[in-house]
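*Asks:* Listed here are the chains, written in short residue letters.
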Amino acid sequence: MIKFINASKWFNNHHVLKNINLEISKGEVVVICGPSGAGKSTLLRTINRLERIDDGEIVVDSKYLSDPKTNLTTLRAEIGMVFQHFNLYPHKTALKNITLAPCKVRGLTRKQARERALKLLERVGLLHRQDAFPSQLSGGEQQRVAIARSLAMEPKVMLFDEPTSALDPELITDVLDVMISLAKEGMTMVVVTHEIGFAQKVADRVVFMDAGEVLEVGCPPDIFINPQHERTREFMSKVFHIPIFTKPQEEGE
Amino acid sequence: MIITGIKITILLMAITSVTSLLLGTVVAIMRISRIKILRALGTIYVEIFRNIPGLFWVIFFYFIFPEILPFGWGARLNAYPNYPVVAGVMGLTVDNASYVSDILRSGRLAIPHGQREAAISSGLNRVQQYIYVLLPQMFRATLPPLGTRMVHNFKNTSLCMAITAPELTWATQQIESLTFRGIEATTMATLFYVGLAGVMASIIIILEKVLRIDIAKSAYQTRG
Amino acid sequence: MDFPGSFSNIKFYLLGAYPNGPVGGLLLNIVLAILAIAFSFLVGALLGYSRLSCRKYIKVPSVLYIEIVRATPLIMLIFWFYFFLPYVLGKNISVFWSAVIALSIYAAAYEAEIFRAGILAVPRGQMEAALTSGMTRYQAMKFIVFPQALKIMVPSLVSFFVSLFKDTSVTFIIGVIELTQTGIIVSQRQPDKMYASYLCVAIGYFIVCFSMSHLARMLEKKIGVFDLESYRPDACRDEYMLMPTHRKIPDEKVPAAGCYPPGL
Ligand SMILES: Nc1ncnc2c1ncn2[C@@H]1O[C@H](COP(=O)(O)OP(=O)(O)OP(=O)(O)O)[C@@H](O)[C@H]1O
Ligand SMILES: [Mg+2]
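Residue numbers (the working numbering), protein chains in the order written: chain B, 677 to 929; chain U, 1480 to 1703; chain L, 17 to 280.
Just to be clear, a hint being listed does not mean it is correct.
Stated by the list, open to error - Incomplete in silico selection of chain U near chain L, CB under 10 Å:
#1 Thr1522
#2 Glu1526
#3 Ile1531
#4 Gly1533
#5 Gly1593
What the hints contain is simulated information worked out from the structure, not anything from laboratory work.
Glycine included, C-beta positions come from ideal geometry on N, C-alpha and C.
Construct all of the structure, not just a fragment, from the sequences and the given hints.
*Replies:* Structure follows, in structure tokens:
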């Protein structure tokens, strides 16, 4: 579904993605974690070409991103993205936020789009808030609307960039529940997050990044509990707030 | 004629830049002072001069001002051959000063509280606080809008043609009406204005680079 | 200091010689300002928008236009159109229309800057969210960025209207009978009432400008100020190009700090 081939990116001499090779197949849930500035967001944003890569190649849905013939707009319509800061359109109600793109891009009639939007709002548990403006919604509600907005395009892939890190702790679970149910339905998902619980529950693989490199890829227990790299181990111990194991024996935390 | 015009235009610009900066600073200090009457006076000044066009003030100082002066000073002024230029300077100054004071005042509001407190606790009196701590920061923080304002003021010198001050725009019109070679003269004048405005803008950008670095940093720190 | 003349004089200040002659006085100032704003609105929007383009051949002409017009005194512009438009067109146009054209050309440059700043003040994430949902740049601009930019721009536009209104006084130099000219005419007709006639002019300008600038300040409080004059983004933003290119654009041109979503 998504394939990085030797992808590299620079921001003014700053090498933020170094030779990334990664393949994500259909229906897979991949969690990306790593310290701040590791290039996780950049990696995610290159998938729908909000950032271009300078070297290498990215293939999405068997289309080459660097190919001038690839229609970015139609490709992006197949890729949903959820941002850390929601990015809801402040001048439109929750419902309008969701129906806008289906109407304008997919060419649905208002009625069809509305029906679809109401179903999605119900699914994220916000049917009663359909006429609220983003400024009247709490962070968790905004993020769930944002997820519904992406889903309204019936994407093949969903990208999540730290969807819960701007939320209060008690609001996080609502958002995570939506994401978990999505994962269980077989959506292809790439999620940047530090929610270990989420990763352990639904992730098929975890990618650990540092300084623009993919250091380790593996199933969640391997990465979280039994990391191979010194750097990964150090990071995980900080996330779990426990001293570094030299020889991990016990299970879980 | 063009050369005299350019000279007068530059003269007007130079004098009014300085005078309006001085007057504007005084008004700005009045508007941020603790004394109510001064504040009110400052506000009245700004409201009056900002809400009536600069052109009006230029005309006012040319036609009306000499009439309302007592003791026949007005007649003496009128007899003075360069009075149009003087009236122009006065008109442009009062107009521009109102903008300058507004800009400076907003600069004062941008200075973090801590600065004044630091100045007080190091034992400076009020005048010293302004001279050494507040004013320098006000000027630096507002350099870009002040610069834009000064370019505006430079362009406004052309208003003085309305009162026959022999500046550049007036000169081109004379040439047009005397020799009908208006196109050349107007082209030259336009190029001159655009050129000098460009020079002013670049000087301001350079000044900004030189002066602004430290301000920008500290401003961001205090905003968190 | 008594009032110059009778009721007919007040009417002269407000309307000029209207029922018998052309519109004049204060009303003419307002008409000039409104016409100039209306005519220049689209051009200004286009210029401001193209200034954000990464393509040199779109960006450079608009930068040139904006900077040259902004560096030229309004009087100069007015003369250009008053004296030289007839040469170019081969026929005379009225003083009024040459004033309107000059003011529109002038206003377009300033409006372009307001538009540009307004567009840049919309958080970048909005454009990104729209693009991600499969909208084209044009759609994203039209449905998402532009409506928000417009709202941000309203206070600046009102302030600009005030300053344009004041600038319309300059047209008296080519003989447009607006408020300043009216004052001069009255004071010459009745030299004994000179003070009063100028006072009337001042009051006329004051009332309009004062109320409008208070409106602007109120809107600023409601919508939030953004400082246009010190706002100097030299950002050239890829996503504002009218048509996407596949040409590789060097990264130095991508904006630094301020434009990236606040999360970083
Ligand atoms: N538009 C940009 N211009 C210049 N540098 C950038 C830009 N965007 C990101 N960077 C740099 O690229 C590096 C990687 O950024 P990225 O946002 O991908 O990190 P991240 O892993 O998502 O971090 P975080 O956990 O803080 O979100 C950082 O060092 C950042 O400073
Ligand atoms: Mg990030």
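*Asks:* All hints, please: hold or fail.
*Replies:* Hints and how they fare:
1. For Thr1522 of chain U, the interface hint is violated, the least distance from its beta-carbon to any beta-carbon of chain L being 12 Å, above 10 Å.
2. Using the Cβ-Cβ criterion of 10 Å, the hint placing Glu1526 of chain U at the interface with chain L is satisfied: the shortest such distance is roughly 7 Å.
3. Below 10 Å, beta-carbon pairs count as interface contacts, and Ile1531 of chain U has one with chain L at about 5 Å; its hint therefore holds.
4. For Gly1533 of chain U, the interface hint holds, since its Cβ comes within 10 Å of a Cβ in chain L; the closest pair sits about 7 Å apart.
5. At about 22 Å, the closest approach between the beta carbon of Gly1593 of chain U and any beta carbon in chain L exceeds 10 Å, and the interface hint on this residue is violated.
Hints 1 and 5 from the earlier list are contradicted by this structure; the remaining hints agree with it.
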